[in-house]
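Using the hints provided, position chains R, B and Y relative to the given structure of chain P.
Chains as they are written, first to last, in UniProt numbering: chain P, 1 to 105; chain R, 1 to 105; chain B, 1 to 105; chain Y, 1 to 105.
Be a bit skeptical, because a hint or two may be false.
Identical copies look the same in the list; a pair holds intra-copy or inter-copy alike.
What the hints assert, rightly or not - With a straight-line Cα cutoff of 35 Å, these simulated DSBU-like cross-link-like pairs (lysine-lysine) come out:
#, residue 1, residue 2
1, K51, K34
2, K34, K103
3, K100, K32
4, K32, K103
What the hints contain is simulated information worked out from the structure, not anything from laboratory work. In this text the structure is predicted, and so the values were computed from the model without any measurement.
Number of protein chains: 4
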Amino acid sequence: MPDLPATPTLADFQSYVSEMERERGFASQTVKDKCLLLGEEIGELFKAIRKAEGLAMDPQSQVGEIGDELADVFIYLCALANRFDLNLEQAFLDKETKNKQRKWQ
Amino acid sequence: MPDLPATPTLADFQSYVSEMERERGFASQTVKDKCLLLGEEIGELFKAIRKAEGLAMDPQSQVGEIGDELADVFIYLCALANRFDLNLEQAFLDKETKNKQRKWQ
Amino acid sequence: MPDLPATPTLADFQSYVSEMERERGFASQTVKDKCLLLGEEIGELFKAIRKAEGLAMDPQSQVGEIGDELADVFIYLCALANRFDLNLEQAFLDKETKNKQRKWQ
Amino acid sequence: MPDLPATPTLADFQSYVSEMERERGFASQTVKDKCLLLGEEIGELFKAIRKAEGLAMDPQSQVGEIGDELADVFIYLCALANRFDLNLEQAFLDKETKNKQRKWQ
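The following block holds chain P by itself, in its conformation from the complex (with noise of 0.2 Å):
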């Protein structure tokens, strides 16, 4: 099994998911299965929002925790970063200095 240093970075959390991902046969899923993917916790992370801030629900349907869901989507930006050679990282640098000269209104 794949494991994290102490102190991981985002560079550490890209190497283990690549890991993982070869261990459960997922590496071999594309780019596309991954935005599926994708989408798919972003709905469950909704889902799990919705009932934090205490809109109606179904008690019968299945519902996560913020926490794990969050993990989630997290795992999905490691695999699609990975899957186009990118360091989340240098990505978060970059957009950032992009970000500081926007202006918002």
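Then chains R, B and Y, alone, in the frame of chain P:
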């Protein structure tokens, strides 16, 4: 402006996002606002991936870089985790403990 | 319970959804609530499609029928159109007028 | 160019979309492609709603009209229903039969 240490952990990113939101006036945005924004960024990520995958595009529409869109989704993940006082690293470890028990067919 | 005429138009569906929401206590849900719900249903649609496409599934997780999920997404489209006093049929005609001018490469 | 009758039903819209896709070269797009496009349009719908809801916007980014984005989401619903030989009207009736039995708390 917030700073990131040399080898930032997920907790460092969450603190950075928290400070960044205060500086740019986003701290008052609600959980539902952040879900709307997250859904928007997922759409932009899908669009950037669509272009990379060679699907037909309207040459006049704005298309972001995949790295930028992954970074934006990650920022909103941190923003949502912060609003629920969740540690993303711990959420990842907890979910992986569950995922290791699961079967996929 | 609301009814639909024999050959319902989009306007008939929008009226049905409006009445249905009143009866089930959803009329007070805000636009942002409906977006959260729409995002959730998109995730469930993706999950049903994932299963149909033969992607690996956790046999223990609930998976809906594609028709059911398409219907739920359509219901939320009507609910959002109603909240902005938009006629979906007119919106369709207007957008197709624009789409006919567009080029895709 | 495809046409719609005076008071089009959901089946009329599905036929229109089917013919429109052939004319514009989209008929070969797969189910997963359509999910990617649907996710993209949901993001654009959320962005248009964000603007209408008065949330901070980057004045330089493209924002569509809510009616246009609702129409685009509806088009992709029809395109997905067509690819699974599903009649949206029947799917709506079937799901409402189920929804009437459900409780929300």
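How the hints compare with the structure:
no.: 1; hint: K51 / K34; result: both (26 Å within a copy, 14 Å between copies)
no.: 2; hint: K34 / K103; result: both (32 Å within a copy, 18 Å between copies)
no.: 3; hint: K100 / K32; result: both (31 Å within a copy, 24 Å between copies)
no.: 4; hint: K32 / K103; result: both (33 Å within a copy, 22 Å between copies)
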